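Asks: Quick note, the sequences are listed as chains A and B, same order. Numbering (the numbering used here) for the first sequence: 1 to 135. Numbering (the numbering used here) for the second sequence: 1 to 323.
Source of the hints: derived by calculation from the structure; they are not laboratory data. Misleading hints may appear alongside valid ones.
As the list claims (entries may be wrong) - Using 30 Å as the maximum straight-line C-alpha spacing, the simulated DSBU-like pairs for lysine-lysine come out as follows: (1) B:K271 / B:K287; (2) A:K84 / B:K3; (3) A:K6 / B:K313.
What the hints assert, rightly or not - Residues of chain A clear of chain B, computed beta-carbon distances all greater than 10 Å: (4) R21; (5) Y39; (6) T52; (7) S67; (8) A69; (9) E79; (10) P98; (11) K107; (12) L108; (13) G115; (14) P116; (15) I123.
As the list claims (entries may be wrong) - Covered stretches of chain A, as calculated for chain B (at least 3 residues, CB under 8 Å): (16) 27–38; (17) 59–65.
As the structure is a prediction and not an experimental result, all values here were calculated from the model. Think of the CB as a built atom: it goes at the ideal place given N, C-alpha and C, for glycine as much as any other residue.
Chain residues, written in single-letter form:
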Amino acid sequence: MQGTRKIRVLIAKPGLDSHDRGAKVVARALRDAGMEVIYTGLRQTPEQIVETALQEDVDVIGLSILSGAHKALFPRIMELLKQKGLTDVMVFAGGIIPKEDIPELKKLGIKGIFGPGTPTETIIQFTLENVPERT
Amino acid sequence: MPKTEEIVQGVLTGDRRSIARAITIIENDTAEAQKLIAQIYPHTGKAHIIGLTGPGGSGKSTLIEKIVREYRQRGKTVGVVAVDPTSPFTGGAFLGDRIRMQELSTDQGVFIRSMATRNYLGGIAKATKDAVKVLDAAGKDIVIVETVGAGQSEVEIIKVAQTVVVIHAPGLGDEIQAIKAGLMEIADIFVVNKADRENADKAVMDIQAIMQLNNKEKAWKTPILKTVALTGEGVLQLVEKLEEHKQFLEKEMKREKSLLRAESELVEALKDQAVNAIIEELKKEGKFEEFLQKILKKQIDPASAAEKLLHKKFKRAASDAET
Numbered sequence: 001m002q003g004t005r006k007i008r009v010l011i012a013k014p015g016l017d018s019h020d021r022g023a024k025v026v027a028r029a030l031r032d033a034g035m036e037v038i039y040t041g042l043r044q045t046p047e048q049i050v051e052t053a054l055q056e057d058v059d060v061i062g063l064s065i066l067s068g069a070h071k072a073l074f075p076r077i078m079e080l081l082k083q084k085g086l087t088d089v090m091v092f093a094g095g096i097i098p099k100e101d102i103p104e105l106k107k108l109g110i111k112g113i114f115g116p117g118t119p120t121e122t123i124i125q126f127t128l129e130n131v132p133e134r135t
Numbered sequence: 001m002p003k004t005e006e007i008v009q010g011v012l013t014g015d016r017r018s019i020a021r022a023i024t025i026i027e028n029d030t031a032e033a034q035k036l037i038a039q040i041y042p043h044t045g046k047a048h049i050i051g052l053t054g055p056g057g058s059g060k061s062t063l064i065e066k067i068v069r070e071y072r073q074r075g076k077t078v079g080v081v082a083v084d085p086t087s088p089f090t091g092g093a094f095l096g097d098r099i100r101m102q103e104l105s106t107d108q109g110v111f112i113r114s115m116a117t118r119n120y121l122g123g124i125a126k127a128t129k130d131a132v133k134v135l136d137a138a139g140k141d142i143v144i145v146e147t148v149g150a151g152q153s154e155v156e157i158i159k160v161a162q163t164v165v166v167i168h169a170p171g172l173g174d175e176i177q178a179i180k181a182g183l184m185e186i187a188d189i190f191v192v193n194k195a196d197r198e199n200a201d202k203a204v205m206d207i208q209a210i211m212q213l214n215n216k217e218k219a220w221k222t223p224i225l226k227t228v229a230l231t232g233e234g235v236l237q238l239v240e241k242l243e244e245h246k247q248f249l250e251k252e253m254k255r256e257k258s259l260l261r262a263e264s265e266l267v268e269a270l271k272d273q274a275v276n277a278i279i280e281e282l283k284k285e286g287k288f289e290e291f292l293q294k295i296l297k298k299q300i301d302p303a304s305a306a307e308k309l310l311h312k313k314f315k316r317a318a319s320d321a322e323t
């Protein structure tokens with residue numbers, strides 16, 4: 001039998017953002033790049049996001065946040081991922097995230113952070129290059 | 001990644017990570033998948049498998065969310081497999097059914113998995129069936145399969161279910177569409193969702209007219225129910241009907257239906273493995289490529305090529321049978 005492995009990505013919106021335009025653009029770009037994209041919809045708790053990642057067995061999580069609550073929500077998400085044993089999932093983030101917060105977020109284990117205006121090509125490339133190997 | 005045996009053990013104890021991994025193995029359609037299913041199979045057959053299908057925008061995901069809640073109130077655990085199409089152009093897929101079910105995702109008694117139709121050798125129907133088996137073996141009391149009812153492959157997928165619910169909504173086009181998709185015949189329960197809209201009663205009447213013909217000689221008369229998935233109206237009655245159908249199956253037809261299902265599963269498996277084995281052998285002999293080139297050059301058409309190839313292959317078997 002021949003395998004048909006696909007990269008599975010969860011695009012998630014933690015917190016109380018009121019729109020998801022950016023998240024949908026990224027979701028669509030990754031889909032068009034041949035990935036399977038699961039989208040959560042707005043206003044997700046860290047618990048919901050991590051549970052969804054677990055059930056969907058995704059390789060990658062893309063977090064989109066505009067509200068400024070990333071410093072509260074991202075550490076919780078990363079902590080829960082660790083608790084559930086999802087340490088082989090690659091996480092990137094996008095939205096409104098001030099430059100000075102980036103080092104701290106990267107220390108949490110968030111691999112890439114993309115601000116407004118990032119070409120979708122960049123995100124696709126980044127995902128392809130950083131998707132964890134599975135044996 | 002843990003070994004197949006460990007994953008199987010995990011599935012049987014209901015471990016969520018193992019369930020997720022097992023379905024991934026099935027999705028990736030490797031030799032490991034068959035090994036996994038072989039080990040899981042003896043533990044299946046306990047869940048009530050419900051298929052839910054209908055056109056896009058009829059409210060399937062929203063309705064499923066309400067159905068799951070009702071079952072949870074009754075103390076049942078539930079698995080959901082939501083199938084969405086893979087783009088034939090890019091191979092990617094947007095799986096958005098969870099958007100309507102997010103509040104269920106942290107309920108430990110519920111497991112939801114989105115599946116893309118991909119380009120399976122054995123067909124998406126087989127992959128879906130196997131994913132359902134995983135959830136069944138993991139001890140889910142109810143397993144719901146959701147597909148967009150648009151064509152033959154969806155009808156195939158939904159055949160995995162013991163109870164098929166076909167959902168329609170007023171304003172999506174007339175009932176002719178439902179007949180075209182071949183959905184009327186497979187419905188055990190028909191639901192007109194968005195019943196608070198105008199024309200809902202007309203939709204019910206249209207479907208009733210056709211159903212009466214279909215129902216004539218059947219032991220189970222397909223009921224037509226009205227729901228408003230957003231408010232949950234009619235969901236209680238729907239779940240009651242689902243339970244009724246389950247009891248009906250247990251009493252009247254279980255043996256016959258499970259025999260039919262076993263037969264079709266065996267036939268499918270034979271087809272899959274036979275085709276794979278034949279192709280592999282032909283490739284080894286170089287015949288496959290040879291005939292591919294002939295077809296490209298229009299020296300032979302694909303059907304005649306297949307006939308020739310198979311004739312050579314089975315000549316001996318056929319003459320053996322004759323004597």
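Asks: Now, for every hint given, state plainly whether the structure supports it.
Replies: Hint-by-hint comparison with the structure:
1. B:K271 / B:K287: Measuring from Cα to Cα gives roughly 20 Å; hence the hint holds.
2. A:K84 / B:K3: 19 Å, holds
3. A:K6 / B:K313: Distance of about 35 Å is beyond 30 Å: violated.
4. R21: 15 Å, holds
5. Y39: Since the minimum Cβ distance to chain B is about 5 Å, Y39 (chain A) lies within 10 Å and the statement is violated.
6. T52: 5 Å, violated
7. S67: For S67 (chain A), whose nearest Cβ neighbour in chain B is about 18 Å away, the distance exceeds 10 Å, so it holds.
8. A69: Consistent with the label, A69 (chain A) stays out of reach of chain B, its closest Cβ about 18 Å off (over 10 Å).
9. E79: 16 Å, holds
10. P98: P98 (chain A) is indeed farther than 10 Å from all Cβ atoms of chain B, at 28 Å.
11. K107: Correct as stated: the minimum Cβ-Cβ distance to chain B is 26 Å, above 10 Å.
12. L108: 22 Å, holds
13. G115: Since the minimum Cβ distance to chain B is about 24 Å, G115 (chain A) lies beyond 10 Å and the statement holds.
14. P116: For P116 (chain A), whose nearest Cβ neighbour in chain B is about 22 Å away, the distance exceeds 10 Å, so it holds.
15. I123: 14 Å, holds
16. 27–38: holds (count 11)
17. 59–65: Violated, because only 0 residues of the region 59–65 of chain A bring their Cβ atoms closer than 8 Å to Cβ atoms of chain B.
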